[in-house]
Amino acid sequence: MKSSGFYRVSRGVKRVLLYLLMTVIALIMLGPFLWLLSTSLKEASYIYAYPPQLIPRPLTLESYIAVIKQLDFLTYFLNSVFITVGGISLNAIFSSMAAYPLARFEFPGKKIIFAAMISTMFLPNSAGLIVNFLTMKRLNLVDRRVAVFLPAAVTVFGIFLLRQTYLKIPGELEDAARIDGASEFGIWWRIMLPLSKPALVTLIIFDFVTHWNSFLWSLIILQDPKKYPLAAALQYLQGVFAYDFKLIAAGTVISVIPIIIVFLVFQKQYMSGMAGAVKA
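When you read off a place in the sequence shown, starting at 1, and then add 339, the result is the number in the numbering used here.
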(Lines of atoms letter the chains of each structure in order from A; the text may use other names.)
(Lines give C-alpha, C1' and ligand atoms only; values in the text may rest on other atoms or scores of the structure.)
Protein backbone atom coordinates (compact mmCIF):
# COMPACT_ATOMS: atom_id res chain seq x y z
CA MET A 340 0.00 0.00 0.00
CA LYS A 341 2.81 2.40 0.87
CA SER A 342 4.61 1.65 -2.35
CA SER A 343 1.39 2.20 -4.27
CA GLY A 344 0.86 5.57 -2.58
CA PHE A 345 4.45 6.57 -3.22
CA TYR A 346 4.02 5.62 -6.87
CA ARG A 347 0.95 7.84 -7.18
CA VAL A 348 2.75 10.76 -5.51
CA SER A 349 5.81 10.26 -7.72
CA ARG A 350 3.67 10.15 -10.83
CA GLY A 351 1.86 13.34 -9.72
CA VAL A 352 5.18 15.13 -9.13
CA LYS A 353 6.43 14.06 -12.57
CA ARG A 354 3.24 15.36 -14.16
CA VAL A 355 3.56 18.71 -12.39
CA LEU A 356 7.21 19.02 -13.43
CA LEU A 357 6.26 18.11 -17.00
CA TYR A 358 3.57 20.78 -17.12
CA LEU A 359 5.96 23.34 -15.67
CA LEU A 360 8.57 22.45 -18.28
CA MET A 361 6.00 22.68 -21.08
CA THR A 362 4.83 26.04 -19.73
CA VAL A 363 8.38 27.40 -19.70
CA ILE A 364 8.98 26.17 -23.26
CA ALA A 365 5.68 27.70 -24.39
CA LEU A 366 6.59 31.06 -22.84
CA ILE A 367 10.00 30.97 -24.52
CA MET A 368 8.39 30.24 -27.88
CA LEU A 369 5.78 32.95 -27.32
CA GLY A 370 8.34 35.44 -26.02
CA PRO A 371 8.99 37.31 -29.30
CA PHE A 372 5.27 37.63 -30.06
CA LEU A 373 4.44 38.76 -26.51
CA TRP A 374 7.19 41.38 -26.69
CA LEU A 375 5.88 42.51 -30.07
CA LEU A 376 2.36 42.78 -28.66
CA SER A 377 3.64 44.68 -25.64
CA THR A 378 5.56 47.12 -27.82
CA SER A 379 2.53 47.76 -30.02
CA LEU A 380 0.50 48.79 -26.95
CA LYS A 381 3.08 51.16 -25.47
CA GLU A 382 3.41 54.88 -25.86
CA ALA A 383 6.42 55.94 -27.91
CA SER A 384 8.34 57.26 -24.87
CA TYR A 385 8.17 53.86 -23.11
CA ILE A 386 9.40 51.61 -25.95
CA TYR A 387 13.10 52.00 -25.12
CA ALA A 388 12.59 52.74 -21.43
CA TYR A 389 14.78 50.99 -18.86
CA PRO A 390 13.93 48.72 -17.19
CA PRO A 391 11.72 47.42 -20.01
CA GLN A 392 8.02 46.90 -19.33
CA LEU A 393 6.37 43.68 -20.44
CA ILE A 394 2.94 44.94 -19.39
CA PRO A 395 2.53 48.45 -20.83
CA ARG A 396 1.48 51.19 -18.46
CA PRO A 397 -0.47 53.00 -19.74
CA LEU A 398 -2.04 50.92 -22.51
CA THR A 399 -2.67 52.72 -25.78
CA LEU A 400 -4.04 51.76 -29.20
CA GLU A 401 -2.50 54.72 -30.99
CA SER A 402 -0.11 52.48 -32.95
CA TYR A 403 -2.96 50.41 -34.38
CA ILE A 404 -4.94 53.52 -35.26
CA ALA A 405 -1.88 55.02 -36.99
CA VAL A 406 -1.25 51.85 -39.02
CA ILE A 407 -4.84 51.69 -40.23
CA LYS A 408 -4.78 55.39 -41.15
CA GLN A 409 -1.39 55.40 -42.90
CA LEU A 410 -1.89 52.13 -44.74
CA ASP A 411 -4.69 51.52 -47.17
CA PHE A 412 -5.42 48.72 -44.75
CA LEU A 413 -8.70 47.47 -46.19
CA THR A 414 -7.21 47.10 -49.68
CA TYR A 415 -4.23 45.08 -48.48
CA PHE A 416 -6.41 43.00 -46.19
CA LEU A 417 -8.79 42.12 -49.03
CA ASN A 418 -5.80 41.28 -51.24
CA SER A 419 -4.63 38.82 -48.60
CA VAL A 420 -8.12 37.33 -48.30
CA PHE A 421 -8.37 36.86 -52.09
CA ILE A 422 -4.93 35.26 -52.36
CA THR A 423 -5.44 33.03 -49.34
CA VAL A 424 -8.92 31.80 -50.27
CA GLY A 425 -7.86 31.17 -53.87
CA GLY A 426 -4.73 29.26 -52.86
CA ILE A 427 -6.51 27.16 -50.25
CA SER A 428 -9.38 26.26 -52.58
CA LEU A 429 -7.20 25.16 -55.49
CA ASN A 430 -4.76 23.17 -53.39
CA ALA A 431 -7.48 21.41 -51.41
CA ILE A 432 -9.25 20.32 -54.61
CA PHE A 433 -6.27 19.39 -56.78
CA SER A 434 -4.20 17.75 -54.04
CA SER A 435 -7.11 15.61 -52.89
CA MET A 436 -7.82 14.55 -56.49
CA ALA A 437 -4.17 13.73 -57.21
CA ALA A 438 -3.82 11.77 -53.97
CA TYR A 439 -6.78 9.51 -54.70
CA PRO A 440 -5.26 7.41 -57.54
CA LEU A 441 -1.88 7.29 -55.76
CA ALA A 442 -3.59 5.76 -52.73
CA ARG A 443 -6.33 3.55 -54.19
CA PHE A 444 -5.35 2.64 -57.77
CA GLU A 445 -2.73 0.21 -59.02
CA PHE A 446 -0.86 1.21 -62.16
CA PRO A 447 2.69 0.78 -63.53
CA GLY A 448 5.23 3.18 -62.08
CA LYS A 449 3.05 4.38 -59.20
CA LYS A 450 5.77 4.00 -56.58
CA ILE A 451 8.34 5.67 -58.81
CA ILE A 452 6.02 8.62 -59.46
CA PHE A 453 5.27 9.01 -55.76
CA ALA A 454 8.96 8.78 -54.82
CA ALA A 455 9.85 11.38 -57.45
CA MET A 456 7.19 13.72 -56.07
CA ILE A 457 8.37 13.28 -52.50
CA SER A 458 11.97 13.98 -53.52
CA THR A 459 10.97 17.47 -54.66
CA MET A 460 10.08 18.34 -51.06
CA PHE A 461 13.81 18.50 -50.30
CA LEU A 462 14.28 21.36 -52.75
CA PRO A 463 14.14 24.92 -51.34
CA ASN A 464 11.18 27.05 -52.39
CA SER A 465 13.53 29.59 -53.94
CA ALA A 466 14.58 26.98 -56.52
CA GLY A 467 11.31 27.42 -58.37
CA LEU A 468 11.10 31.22 -58.40
CA ILE A 469 12.61 31.69 -61.86
CA VAL A 470 10.59 28.89 -63.45
CA ASN A 471 7.38 30.14 -61.84
CA PHE A 472 8.03 33.70 -62.96
CA LEU A 473 8.70 32.65 -66.55
CA THR A 474 5.56 30.51 -66.52
CA MET A 475 3.42 33.36 -65.24
CA LYS A 476 4.97 35.67 -67.83
CA ARG A 477 4.09 33.28 -70.66
CA LEU A 478 0.53 33.15 -69.32
CA ASN A 479 0.38 36.99 -69.14
CA LEU A 480 -0.32 36.82 -65.42
CA VAL A 481 2.51 39.02 -64.16
CA ASP A 482 1.20 41.76 -61.84
CA ARG A 483 -2.04 39.87 -61.25
CA ARG A 484 -3.02 38.66 -57.81
CA VAL A 485 -3.97 35.25 -59.14
CA ALA A 486 -0.29 34.69 -60.00
CA VAL A 487 0.58 34.81 -56.30
CA PHE A 488 -1.21 31.55 -55.50
CA LEU A 489 -1.42 29.82 -58.88
CA PRO A 490 2.08 28.19 -58.67
CA ALA A 491 0.95 26.57 -55.40
CA ALA A 492 -2.38 25.35 -56.80
CA VAL A 493 -1.25 21.82 -55.95
CA THR A 494 1.51 20.90 -53.50
CA VAL A 495 3.44 17.71 -52.87
CA PHE A 496 2.83 18.06 -49.14
CA GLY A 497 -0.92 18.18 -49.74
CA ILE A 498 -0.80 15.10 -51.96
CA PHE A 499 1.31 13.22 -49.40
CA LEU A 500 -0.91 14.18 -46.47
CA LEU A 501 -4.15 13.17 -48.20
CA ARG A 502 -2.66 9.99 -49.69
CA GLN A 503 -1.69 8.82 -46.22
CA THR A 504 -5.23 9.50 -45.05
CA TYR A 505 -6.84 7.70 -48.00
CA LEU A 506 -4.74 4.60 -47.30
CA LYS A 507 -6.48 4.17 -43.94
CA ILE A 508 -10.01 4.20 -45.37
CA PRO A 509 -11.41 0.64 -45.58
CA GLY A 510 -11.63 -0.72 -49.12
CA GLU A 511 -15.04 -2.24 -48.35
CA LEU A 512 -16.58 1.22 -48.57
CA GLU A 513 -15.32 1.60 -52.14
CA ASP A 514 -16.52 -1.88 -53.09
CA ALA A 515 -19.98 -1.17 -51.69
CA ALA A 516 -20.12 2.13 -53.57
CA ARG A 517 -19.10 0.48 -56.85
CA ILE A 518 -21.77 -2.19 -56.40
CA ASP A 519 -24.30 0.61 -55.99
CA GLY A 520 -23.09 2.08 -59.30
CA ALA A 521 -20.97 4.95 -58.03
CA SER A 522 -18.31 6.33 -60.37
CA GLU A 523 -14.73 6.95 -59.29
CA PHE A 524 -15.49 10.65 -59.02
CA GLY A 525 -18.52 9.83 -56.89
CA ILE A 526 -16.46 7.63 -54.61
CA TRP A 527 -13.89 10.38 -54.19
CA TRP A 528 -16.52 13.06 -53.59
CA ARG A 529 -18.94 11.12 -51.36
CA ILE A 530 -16.58 8.83 -49.45
CA MET A 531 -12.96 9.93 -49.57
CA LEU A 532 -13.40 13.64 -48.98
CA PRO A 533 -15.83 13.42 -46.03
CA LEU A 534 -13.65 10.79 -44.30
CA SER A 535 -10.47 12.83 -44.81
CA LYS A 536 -11.78 16.00 -43.15
CA PRO A 537 -9.02 16.20 -40.46
CA ALA A 538 -6.31 15.97 -43.14
CA LEU A 539 -8.06 18.60 -45.26
CA VAL A 540 -8.29 20.94 -42.28
CA THR A 541 -4.57 20.41 -41.61
CA LEU A 542 -3.78 21.26 -45.23
CA ILE A 543 -6.01 24.33 -45.04
CA ILE A 544 -4.17 25.60 -41.95
CA PHE A 545 -0.76 25.13 -43.59
CA ASP A 546 -1.96 26.84 -46.75
CA PHE A 547 -3.54 29.66 -44.79
CA VAL A 548 -0.25 30.44 -43.04
CA THR A 549 1.71 30.17 -46.31
CA HIS A 550 -0.54 32.40 -48.42
CA TRP A 551 -1.41 34.89 -45.68
CA ASN A 552 2.31 35.45 -45.03
CA SER A 553 3.20 35.58 -48.73
CA PHE A 554 6.06 38.04 -49.04
CA LEU A 555 8.98 37.31 -51.39
CA TRP A 556 6.98 35.83 -54.27
CA SER A 557 4.43 38.66 -53.99
CA LEU A 558 7.19 41.26 -54.32
CA ILE A 559 8.54 39.46 -57.39
CA ILE A 560 5.33 38.80 -59.31
CA LEU A 561 3.36 41.95 -58.40
CA GLN A 562 4.50 45.30 -59.75
CA ASP A 563 1.69 47.45 -58.39
CA PRO A 564 2.10 47.90 -54.60
CA LYS A 565 -1.69 48.31 -54.29
CA LYS A 566 -2.00 44.60 -55.15
CA TYR A 567 0.33 43.45 -52.37
CA PRO A 568 -0.98 41.18 -49.62
CA LEU A 569 -0.83 42.54 -46.10
CA ALA A 570 2.50 40.91 -45.14
CA ALA A 571 4.29 42.33 -48.17
CA ALA A 572 2.64 45.73 -47.75
CA LEU A 573 3.88 46.05 -44.17
CA GLN A 574 7.47 45.41 -45.21
CA TYR A 575 7.17 47.66 -48.26
CA LEU A 576 5.94 50.58 -46.17
CA GLN A 577 8.63 50.45 -43.49
CA GLY A 578 10.29 53.40 -45.15
CA VAL A 579 7.10 55.44 -44.88
CA PHE A 580 7.08 54.77 -41.15
CA ALA A 581 10.78 55.70 -40.92
CA TYR A 582 11.33 52.40 -39.09
CA ASP A 583 8.98 53.39 -36.30
CA PHE A 584 9.13 50.10 -34.44
CA LYS A 585 5.85 50.44 -32.59
CA LEU A 586 3.94 50.94 -35.85
CA ILE A 587 5.67 47.98 -37.45
CA ALA A 588 4.90 45.93 -34.34
CA ALA A 589 1.24 46.90 -34.47
CA GLY A 590 0.99 46.04 -38.17
CA THR A 591 2.65 42.67 -37.60
CA VAL A 592 0.30 41.82 -34.74
CA ILE A 593 -2.70 42.68 -36.92
CA SER A 594 -1.42 40.39 -39.68
CA VAL A 595 -0.84 37.51 -37.24
CA ILE A 596 -4.25 37.64 -35.55
CA PRO A 597 -6.15 35.83 -38.39
CA ILE A 598 -3.61 32.98 -38.29
CA ILE A 599 -4.07 32.56 -34.54
CA ILE A 600 -7.85 32.57 -34.89
CA VAL A 601 -7.82 29.94 -37.66
CA PHE A 602 -5.51 27.66 -35.69
CA LEU A 603 -7.54 27.95 -32.48
CA VAL A 604 -10.77 27.15 -34.32
CA PHE A 605 -9.38 24.09 -36.13
CA GLN A 606 -6.70 22.87 -33.71
CA LYS A 607 -8.45 19.57 -32.89
CA GLN A 608 -8.81 18.62 -36.57
CA TYR A 609 -5.23 19.75 -37.15
CA MET A 610 -3.83 17.44 -34.46
CA SER A 611 -5.99 14.57 -35.70
CA GLY A 612 -4.88 15.09 -39.29
CA MET A 613 -1.19 15.21 -38.42
CA ALA A 614 -1.46 12.12 -36.22
CA GLY A 615 -3.24 10.25 -39.00
CA ALA A 616 -0.57 11.15 -41.55
CA VAL A 617 2.21 9.93 -39.27
CA LYS A 618 0.48 6.63 -38.41
CA ALA A 619 -0.49 5.76 -41.97
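By construction, these hints were calculated from the structure, which means they are not laboratory data. Hints should not be assumed to be uniformly reliable.
[Stated by the list, open to error] Derived DSS-like pairs (lysine-lysine); straight-line CA-CA distance at most 25 Å:
(1) LYS536 with LYS507
(2) LYS507 with LYS408
(3) LYS449 with LYS507
(4) LYS536 with LYS607
(5) LYS476 with LYS565
(6) LYS408 with LYS536
(7) LYS450 with LYS507
Do the hints match the structure? See the list:
1. LYS536 with LYS507: This hinted pair holds, its Cα atoms lying about 13 Å apart.
2. LYS507 with LYS408: Given that 25 Å is the threshold and the Cα spacing comes to 51 Å, the pair is violated.
3. LYS449 with LYS507: 18 Å, holds
4. LYS536 with LYS607: 11 Å, holds
5. LYS476 with LYS565: It holds: about 20 Å lies between the C-alpha atoms, which stays within 25 Å.
6. LYS408 with LYS536: 40 Å, violated
7. LYS450 with LYS507: 18 Å, holds
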